[in-house]
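When you get a sec, could you build the whole thing from the sequences and use the hints?
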Amino acid sequence: MADPIKVYPPKPSHVYFYATCLIDMFYPDAGMAGIQLLEREGIKVIFPEDQTCCGQPAYTSGYHDEARAVAKAQLDLFPEGWPIVVPSGSCGGMMRKHYPSLFKKTDQEKKATEIAARTWELTDFLLNVCHIKLEDLGDPTTVAMHTSCSARREMGVAEVGPRLIGQLQNVNLVEQIRAEECCGFGGTFTVRHPEISGAMVSEKVDALTDTGAGAFVTTDCGCMMNIAGFAEKNNKPLEGQHILSFLWERTSPDNGGDS
Amino acid sequence: MSSRDTILQRLRNRSGGDLNVPDCDFAVLKRQPSSVAERIEQFQKTIESVHGEVHRCSSENWVTQLAGILSDRGAHNLLIPAAHTIGHTLRDSGRDDLPELLIYDEPIESWQPHLFNEVDASITSTRGGIAETGSLILWPTPDEPRLMSLVPPIHIAVLEASELYSTFHEAMLKQNWASGMPTNALLVSGPSKTADIEQTLAYGVHGPKELIVLVIE
Amino acid sequence: MSQSTTDNPHHIDVKEFHPRARAAIADPKVRQNFRKAMDGLISKRKDAFEGWDLEALRDLGANVRLRALANLPDLLEQLEKKLTANGIYVHWAIDGDEACKIVRNICVARNARTVIKGKSMVSEEMELNHYLEERGIEALESDLGEYIVQLAGETPSHIIMPAIHKNTGEISELMHEKTGTDLSNDVEYLTASARQQLREKFMNADVGVSGVNFAVAETGTLCLVENEGNGRMTTTVPPCHIAVTGIEKVVGTLEDVAPLLALLTRSATGQHITTYFNMISSARKPGELDGPEEVHLVLIDNGRSSIYQDDELLDTLRCIRCGACMNHCPVYTRVGGHTYGTTYPGPIGKILMPHLIGLDEGRHLPTASSLCGACGEVCPVKIPIPDLLVRLRQESVDGDKLNPAKVRGHGAKRGSVEAMIWKGWSWMHARPGAYRFGTAVAARLRKLQPGKLGGWTKYRTAPKLAAKTLHERMKERGQ
Numbered sequence: 001m002a003d004p005i006k007v008y009p010p011k012p013s014h015v016y017f018y019a020t021c022l023i024d025m026f027y028p029d030a031g032m033a034g035i036q037l038l039e040r041e042g043i044k045v046i047f048p049e050d051q052t053c054c055g056q057p058a059y060t061s062g063y064h065d066e067a068r069a070v071a072k073a074q075l076d077l078f079p080e081g082w083p084i085v086v087p088s089g090s091c092g093g094m095m096r097k098h099y100p101s102l103f104k105k106t107d108q109e110k111k112a113t114e115i116a117a118r119t120w121e122l123t124d125f126l127l128n129v130c131h132i133k134l135e136d137l138g139d140p141t142t143v144a145m146h147t148s149c150s151a152r153r154e155m156g157v158a159e160v161g162p163r164l165i166g167q168l169q170n171v172n173l174v175e176q177i178r179a180e181e182c183c184g185f186g187g188t189f190t191v192r193h194p195e196i197s198g199a200m201v202s203e204k205v206d207a208l209t210d211t212g213a214g215a216f217v218t219t220d221c222g223c224m225m226n227i228a229g230f231a232e233k234n235n236k237p238l239e240g241q242h243i244l245s246f247l248w249e250r251t252s253p254d255n256g257g258d259s
Numbered sequence: 260m261s262s263r264d265t266i267l268q269r270l271r272n273r274s275g276g277d278l279n280v281p282d283c284d285f286a287v288l289k290r291q292p293s294s295v296a297e298r299i300e301q302f303q304k305t306i307e308s309v310h311g312e313v314h315r316c317s318s319e320n321w322v323t324q325l326a327g328i329l330s331d332r333g334a335h336n337l338l339i340p341a342a343h344t345i346g347h348t349l350r351d352s353g354r355d356d357l358p359e360l361l362i363y364d365e366p367i368e369s370w371q372p373h374l375f376n377e378v379d380a381s382i383t384s385t386r387g388g389i390a391e392t393g394s395l396i397l398w399p400t401p402d403e404p405r406l407m408s409l410v411p412p413i414h415i416a417v418l419e420a421s422e423l424y425s426t427f428h429e430a431m432l433k434q435n436w437a438s439g440m441p442t443n444a445l446l447v448s449g450p451s452k453t454a455d456i457e458q459t460l461a462y463g464v465h466g467p468k469e470l471i472v473l474v475i476e
Numbered sequence: 477m478s479q480s481t482t483d484n485p486h487h488i489d490v491k492e493f494h495p496r497a498r499a500a501i502a503d504p505k506v507r508q509n510f511r512k513a514m515d516g517l518i519s520k521r522k523d524a525f526e527g528w529d530l531e532a533l534r535d536l537g538a539n540v541r542l543r544a545l546a547n548l549p550d551l552l553e554q555l556e557k558k559l560t561a562n563g564i565y566v567h568w569a570i571d572g573d574e575a576c577k578i579v580r581n582i583c584v585a586r587n588a589r590t591v592i593k594g595k596s597m598v599s600e601e602m603e604l605n606h607y608l609e610e611r612g613i614e615a616l617e618s619d620l621g622e623y624i625v626q627l628a629g630e631t632p633s634h635i636i637m638p639a640i641h642k643n644t645g646e647i648s649e650l651m652h653e654k655t656g657t658d659l660s661n662d663v664e665y666l667t668a669s670a671r672q673q674l675r676e677k678f679m680n681a682d683v684g685v686s687g688v689n690f691a692v693a694e695t696g697t698l699c700l701v702e703n704e705g706n707g708r709m710t711t712t713v714p715p716c717h718i719a720v721t722g723i724e725k726v727v728g729t730l731e732d733v734a735p736l737l738a739l740l741t742r743s744a745t746g747q748h749i750t751t752y753f754n755m756i757s758s759a760r761k762p763g764e765l766d767g768p769e770e771v772h773l774v775l776i777d778n779g780r781s782s783i784y785q786d787d788e789l790l791d792t793l794r795c796i797r798c799g800a801c802m803n804h805c806p807v808y809t810r811v812g813g814h815t816y817g818t819t820y821p822g823p824i825g826k827i828l829m830p831h832l833i834g835l836d837e838g839r840h841l842p843t844a845s846s847l848c849g850a851c852g853e854v855c856p857v858k859i860p861i862p863d864l865l866v867r868l869r870q871e872s873v874d875g876d877k878l879n880p881a882k883v884r885g886h887g888a889k890r891g892s893v894e895a896m897i898w899k900g901w902s903w904m905h906a907r908p909g910a911y912r913f914g915t916a917v918a919a920r921l922r923k924l925q926p927g928k929l930g931g932w933t934k935y936r937t938a939p940k941l942a943a944k945t946l947h948e949r950m951k952e953r954g955q
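Those protein sequence lines, which keep their order, are chains A, B and C. 1 is the number of the first residue of the first sequence in this note's numbering; add one for each residue after it. 260 is the number of the first residue of the second sequence in this note's numbering; add one for each residue after it. 477 is the number of the first residue of the third sequence in this note's numbering; add one for each residue after it.
Because the hints were derived from the structure by calculation, they are not lab data. From the three backbone atoms N, C-alpha and C, an ideal C-beta is built for every residue, glycine too.
Label pairs and their computed distance ranges (CB to CB): (1) Pro880(C) to Leu137(A): 55 to 65 Å; (2) Gly166(A) to Gly954(C): 30 to 40 Å; (3) Leu137(A) to Pro292(B): 55 to 65 Å; (4) Gly563(C) to His347(B): 27 to 37 Å; (5) Lys44(A) to Gly927(C): 34 to 44 Å; (6) Asn661(C) to Trp370(B): 29 to 39 Å; (7) Leu278(B) to Gly954(C): 50 to 60 Å; (8) Gly212(A) to Asn661(C): 27 to 37 Å; (9) Gly563(C) to Ser261(B): 17 to 27 Å.
Simulated coverage check for chain C against chain B, where a stretch passes if three residues somewhere in it have a Cβ under 8 Å from a Cβ of chain B: (10) 636 to 646; (11) 742 to 753.
Simulated coverage check for chain C against chain B, where a stretch passes if three residues somewhere in it have a Cβ under 8 Å from a Cβ of chain B: (12) 544 to 555; (13) 569 to 583; (14) 671 to 677; (15) 697 to 704; (16) 760 to 774; (17) 784 to 791.
Below, the structure is given as structure tokens:
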């Protein structure tokens with residue numbers, strides 16, 4: 001009954017990088033940061049060109065036939081047994097937790113289950129597989145953190161972000177109240193129930209600004225888009241950044257310059 | 260077909276087929292062995308946290324303590340069991356500092372208004388207690404009927420310290436409840452309370468406003 | 477059916493979820509009452525499990541419930557046999573209406589005019605009060621929260637704390653208006669006034685109606701969990717006691733009750749245990765001086781046997797009605813219980829009610845969630861609530877040809893435009909070339925991106941497309 005205990009693999013020579021469609025289109029810098037962090041750990045990063053989307057938007061909307069068609073197109077992208085790393089708790093959760101049931105009783109069931117088992121959320125992978133050691137090169141700063149619900153609950157990585165940031169000497173990490181409460185993103189929930197989602201993100205922005213930090217980092221681009229978008233629209237002094245961008249910028253001598 | 264048979268048939272012919280029967284591991288309910296003193300301490304702490312009152316007594320002095328408790332509250336009468344030693348001891352005590360002693364020896368129908376309106380306090384025995392949850396085990400009997408611990412505003416319960424169990428699980432197994440349950444069995448853990456008005460605690464909403472436990476060591 | 481003589485507070489159009497949600501969100505009092513209450517409950521629950529191996533306890537709770545469900549028909553028969561042997565009458569009802577009829581027939585046979593009720597969500601599900609009152613039988617709630625809600629002509633907004641949507645001032649005004657108590661913010665005074673009024677009613681009631689938290693097949697025991705003592709009064713003072721419960725509430729052994737009780741009270745209100753745990757196994761026996769001379773149990777199906785058919789949906793029936801899912805739900809906290817328009821609000825309501833009222837009627841329920849998973853995380857019996865929400869979303873749009881929908885009213889939410897959009901989305905994302913081309917074009921044209929995106933931009937700025945996709949940047953990098 002208990003969730004299976006995570007068994008981390010040894011540090012591999014290669015990983016597949018599954019960027020997610022949000023990062024691909026809206027936040028490619030966060031993707032680059034993730035790739036560079038991995039490369040700095042001496043890992044060869046494979047970016048399968050044919051990747052699109054994990055299928056989650058259709059899946060959580062109930063359109064499972066459509067989700068399956070898209071997900072099926074992803075199953076062939078990872079032919080070697082290397083880990084698949086995902087810079088998102090949400091998309092990682094889709095692949096790790098939901099692919100097996102989505103493909104249940106289909107010809108792809110075995111493959112989907114095998115892929116699910118080697119899918120990792122990237123910060124979790126950096127900390128617990130790469131055993132990354134970060135050296136902070138940035139100026140002193142204060143930052144808050146919002147761990148996405150899927151990173152927290154599906155991928156079980158609530159402690160990972162704070163531990164990574166904890167390695168940065170010049171960063172003061174402050175905790176928001178009700179840290180474990182959802183920001184109100186939830187994909188199509190934002191447009192199906194805009195008022196509820198709006199009320200949730202409004203309170204999340206208050207919680208984050210109340211920490212006194214003018215910036216927050218997060219594991220997921222959906223949350224970032226939601227929280228930072230609300231702050232921007234309502235002129236709240238709060239900037240958002242993907243945790244991977246933040247970690248790379250503070251630890252890279254060329255300050256996050258594109259390679 | 261009757262509704263009964265319709266329902267049972269639907270359940271028996273479930274389309275999903277037979278269900279797995281999982282193993283149930285009750286180990287999480289087991290506790291380290293503890294001493295009587297530790298159990299008393301835990302019981303007291305827990306029941307006091309929910310507004311219960313505990314007086315530690317001996318079999319020699321509990322009547323004296325009881326008399327003090329009742330006179331502090333100005334109780335005019337006390338409902339006692341007729342047959343239980345508690346009743347005998349009180350009736351035979353010959354003390355003049357106890358209030359009028361009443362006995363519940365008729366069916367409720369013949370004296371309901373009196374019980375509801377005139378009785379200030381009651382005293383009952385218990386079948387033991389539970390340290391972890393600060394609970395009293397009551398199995399009402401014809402000698403100590405069900406309403407005795409419910410209707411009067413003050414309920415005093417006598418608990419033998421030696422009958423304190425660690426957990427409900429332990430109590431029900433050691434006393435072998437599964438072999439036969441009484442008409443009514445109760446765990447009582449504090450005075451009646453409610454938080455239905457804006458989460459603010461108020462006591463004595465339907466049952467006793469005060470629960471006083473005499474722990475006999 | 478006869479013309480309605482009393483207003484039935486249950487008559488709410490469940491489909492009108494959105495307007496109710498908007499109104500609740502715009503009402504600062506509702507927001508504040510719920511937020512304050514839920515914050516308190518969350519922190520109390522956390523404290524109550526201090527020192528426990530909570531995962532092991534939740535596993536045990538889940539397994540005990542699963543084991544009972546695996547043997548459900550046998551256990552129900554065993555329960556019936558035991559109870560009957562103990563002198564308790566057992567009745568079976570296909571739906572709420574039949575259950576109401578059974579209760580009424582018992583009342584009629586006893587010439588009963590007044591019924592006093594202990595807290596029972598199943599009786600809410602049956603709409604029992606309304607049914608009885610239409611037929612000239614007074615049904616009075618005695619749980620303080622239910623009593624308040626009944627005075628107000630409302631339904632409970634929370635399954636454990638029915639009047640949580642009201643603050644003290646509102647309750648004081650209500651009691652003043654309906655029962656003539658003085659206006660007061662003193663909760664003790666208000667509680668004492670209710671006690672006084674209800675004690676009279678208890679003494680004179682002909683029948684007591686209660687719910688059941690656990691029904692033990694092994695011993696034929698009905699267990700009730702409560703703090704106030706109204707449950708004990710209801711089941712002890714009137715000459716006749718009728719317990720109503722869903723068929724899923726049965727457990728195999730008395731031992732099974734121990735973990736469930738430990739989970740229930742801590743999950744619900746953060747209590748180690750409630751004031752009273754009341755176990756009833758018989759009517760008054762010869763020689764006993766109080767207690768009802770007649771005890772009945774009404775076992776209600778009302779859609780549960782349909783849920784039982786499906787291996788995944790079956791998990792819904794594990795529920796022990798603690799309310800932790802709603803206490804931790806960010807949506808429930810914002811909109812309150814009445815917005816749902818259903819007997820059971822919050823996450824459990826969203827996965828249970830569609831079976832009771834049909835997925836056509838309850839089509840908005842499964843979507844009203846960000847799938848944050850807080851409910852599943854705290855569920856004492858590990859019901860995978862988010863997965864079940866997704867399952868019901870699928871059912872409501874007939875979204876899976878491999879696993880055809882089963883729930884009554886399925887497919888009602890499938891709109892042709894939305895279905896087309898997902899088809900188009902799927903077409904593009906299943907074709908990597910089309911995807912790369914489309915996203916690269918979008919990046920080039922990003923200046924033309926619409927500034928308004930429906931509900932999204934009502935509260936947020938539109939997300940900004942990057943100048944180049946990651947695909948393009950990786951290509952430039954030579955990968």
